[in-house]
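**Q** Listed below, chain by chain, are the residues.
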Amino acid sequence: MAAIVVSGLRKSYGALEAVRGIDFEVAEGEVFALLGPNGAGKTTTVEILEGYRGRDAGTVSVLGFDPAHGGVQFRERVGIVLQECGIEELLTPREALDRQAGYYSKARPVDEVIDLVGLADKATARIRTLSGGQRRRLDLALALVGDPDLIFLDEPTTGFDPQARRNAWEFVKRLCGLGKTILLTTHYMEEAQFLAHRVAVMAEGRLVALGQPDALGGRDSGGAQIRFAMSDSAALSDLPMAARLDGGRVLVETADVTRALHVLTGWALERGIDLNGLTVTRRSLEDVYLDLVGR
Amino acid sequence: MRALALIAHQIRYEQKLYWRSPSSAMFTFLFPILLLVIFASMNVATRLAALGGINYNQYYIPGIVAFGVISACYSNLAIGLCFRRDAGVLKRVRGTPLPPWIFMAGNIGSSLLVSALLTVLTTAVGVMFYGVRFPGRYGALLVTLGVGAFCFCGLGIAITALIPVATAAPAIVNGLLFPILFISGTFFPVDPGSWLGSIASFFPIRHFQQAVFAVFDPRASGTGLEPRALLVMLAWGAAAAALAIRDFRWEPIRK
Chain L
163 MAAIVVSGLR
173 KSYGALEAVR
183 GIDFEVAEGE
193 VFALLGPNGA
203 GKTTTVEILE
213 GYRGRDAGTV
223 SVLGFDPAHG
233 GVQFRERVGI
243 VLQECGIEEL
253 LTPREALDRQ
263 AGYYSKARPV
273 DEVIDLVGLA
283 DKATARIRTL
293 SGGQRRRLDL
303 ALALVGDPDL
313 IFLDEPTTGF
323 DPQARRNAWE
333 FVKRLCGLGK
343 TILLTTHYME
353 EAQFLAHRVA
363 VMAEGRLVAL
373 GQPDALGGRD
383 SGGAQIRFAM
393 SDSAALSDLP
403 MAARLDGGRV
413 LVETADVTRA
423 LHVLTGWALE
433 RGIDLNGLTV
443 TRRSLEDVYL
453 DLVGR
Chain V
161 MRALALIAHQ
171 IRYEQKLYWR
181 SPSSAMFTFL
191 FPILLLVIFA
201 SMNVATRLAA
211 LGGINYNQYY
221 IPGIVAFGVI
231 SACYSNLAIG
241 LCFRRDAGVL
251 KRVRGTPLPP
261 WIFMAGNIGS
271 SLLVSALLTV
281 LTTAVGVMFY
291 GVRFPGRYGA
301 LLVTLGVGAF
311 CFCGLGIAIT
321 ALIPVATAAP
331 AIVNGLLFPI
341 LFISGTFFPV
351 DPGSWLGSIA
361 SFFPIRHFQQ
371 AVFAVFDPRA
381 SGTGLEPRAL
391 LVMLAWGAAA
401 AALAIRDFRW
411 EPIRK
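Chains as they are written, first to last, in this note's numbering: chain L, 163 to 457; chain V, 161 to 415.
It should be emphasised that the hints constitute simulated quantities derived from the structure, not laboratory data. There could be a bad hint or two in this list.
Distance condition first, Cα-Cα at most 30 Å in a straight line; then the derived DSS-like pairs of lysine-lysine [unchecked claim]: (1) Lys335(L) to Lys284(L); (2) Lys284(L) to Lys268(L); (3) Lys335(L) to Lys268(L); (4) Lys268(L) to Lys176(V); (5) Lys176(V) to Lys284(L).
From just these sequences and the hints, can you work out the full model?
**A** Spelled out as structure tokens, the structure:
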């Protein structure tokens, strides 16, 4: 069953068409990532799904509700982590969570949520003394305290150091393991790659690609690059296939990796040549992404 | 029942926030007390001929009671809501199941508590140290302050729609308030027939000041209620509430 169904969604701000007719579905229990450069329409799309914005055209169903008119019952079931959103700095995390828990008919115990996000040692400190990463964890805790079925994460790890990002990812994986549906926006390709079951790429208000991160833009079936270094004795022209030099190493681009490797290694063994530092790489998600968004 | 419990929950946290915030506690709570002590001490022996020779403080303390309610309702709500709106705090609240009207009720309830505290404190200081007489018109005091709180809470919420950025809020809120406080006779009597008095009669502050003074007026007999002044305040409050319901913004006006 689909947690989110979007069809023909459009939204303009004056003359600016922020979202120009997009369609997608997110299944229950899925982690779905929305990628795209700034100004692509990601946040507008997510804010329509969260019920913050109206829409000009199209239909939207979130957990069976129209978020524009969802009301309390809709809000009971979604948790929202906004991008850079203010918080009552003069409360402590425990107080902020206790206050928010009071808004839900079936909230999780506050201490449990504090432990879950690892804020136990800061639970009674004023929020204004928290670091950026600790605040972001509190944002997450506030989104989780109502025990939602669907969680929106708008750029949840922006500004994190690599270790904090890793921890956040593991945490999102755990949420997913609890059966939560997660809609994530991010600038980080590794984040989408690591977390998302499916990825949608937005550019200029449109969806330009939608699929599993490994298959996006034909990554799994498209060509690969073979790179290695050779001793001087073998010239580029001796190779059994087309190749060129790329930063001091030999680069072979091929659509059929298996065959190319077989021919190449057979050729090298016959002549007793070492293919130093031999690597095979496919286009990264980032390469595909940059092609898609036209940068 | 659940709504009432939620409002109490909100008031509890609004109170924590109020007393922990140096700006709100300083400006909206201590300021009326400070003005009370300064002017009351300066004019201990002053008699007001225009008001039948009563002591200045018998006139001034009711004015400060009105000012306390205005400060706790209008200034506190307007400035506090603007800053929370621009910081994104209100947007976050809108993403939860808390009904918007309960959020507002919590804010208003907290302002009422502060108003009540200021009223008791101001009156007690007046009675104990400045020879002010409270004629025991508790019902009239409650009705008058209730109407005043409705009027000035409404204005405090409504004016946020006219304040584009929070950093401008203190200047706009106080810039409007203080000139009108002065011409309304809050600190020194202003002749109702004068041109200043006529201008002041358009705004609700003069009516509030006069209505509270009527409750304290030692010369008057009767209920101490000023129906005409209360009606003017109700009209202002209703207009403000309508504007607030139509135009209140939960997200920053300028991005």
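**Q** Look at each hint and say if it fits the structure.
**A** These are the hints, each one checked on the structure:
Restraint check: the Cα-Cα separation between Lys335(L) and Lys284(L) comes to about 24 Å, which is no more than 30 Å; the hinted pair holds. Between Lys284(L) and Lys268(L) the alpha-carbon distance is near 25 Å, which keeps this suggested pair within the 30 Å criterion. Taken as a hint, the Lys335(L) and Lys268(L) pair is honoured in the structure, with Cα atoms around 23 Å apart against an allowance of 30 Å. Simply put, Lys268(L) and Lys176(V) have alpha-carbon atoms about 25 Å apart, close enough for the 30 Å limit, and the pair holds.
Taking the CA atoms of Lys176(V) and Lys284(L), the gap is near 19 Å; set against the 30 Å cutoff, the hint holds.
Checked against the numbered hints above, the structure violates none of them.
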